[in-house]
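For the record, in the sequence shown the residue sitting at position 31 is 31 according to our numbering, with numbers rising by one throughout.
Source of the hints: derived by calculation from the structure; they are not laboratory data. Note that the structure is a prediction, hence the values are computed from the model and not measured. Don't be surprised by glycine CBs; every beta carbon is placed ideally from N, CA and C. Don't take each hint at face value.
[What the hints assert, rightly or not] Have a look at the derived ranges for each label pair, beta carbon to beta carbon:
no., residue 1, residue 2, range
1, D69, M2, 16 to 26 Å
2, Q92, H27, 31 to 41 Å
3, H27, G82, 29 to 39 Å
4, A112, R53, 32 to 42 Å
5, M20, V74, 13 to 23 Å
6, A112, H27, 30 to 40 Å
7, R114, A12, 27 to 37 Å
8, M2, L89, 35 to 45 Å
9, A64, L18, 28 to 38 Å
10, R53, V74, 18 to 28 Å
11, D47, T4, 27 to 37 Å
12, L89, A112, 14 to 24 Å
13, G117, H27, 34 to 44 Å
14, I108, E49, 15 to 25 Å
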Amino acid sequence: MMRTAVTPPAFATAAQALKMSPGILSHGHLFLSGTTGSAPDGTMPTDPETQFRAAFDKIGAVLAEAGLDFGALVEMTSYHVGIQDHFDLFAQVRADYIATPFPAWTAIEVAALRRPGALVEIRAIAAA
């Protein structure tokens, strides 16, 4: 089975510390790890829009490292803390990053995420 890790240089230290890959290329697809909207220094912004854009920007960095862009996304799952409070804003931000044909998408409310203060974690699959 062929698998290749996809790790943007800016993510290398965190990926090694967590023993994970931001992305794995396998069988014609790029599987992206769940991504929150933490800042580059690891802090979690309190502003929801800032978090959402940071999460999508990180997804974009992993896609770019694999030579892809948001048009390659085929599936996305978003996990939300307080989904009713911020879903409309999240959907507006998401629309700034994706285009037709839109990827399949499931949005799930959860009680909490691993990163304190995180409002969303996004996991995605792209066609390579």
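Subject >> Hints violated by the structure (numbers, ascending) >> reply: When the structure is compared with the hints, numbers 4, 7 and 9 turn out to be violated.
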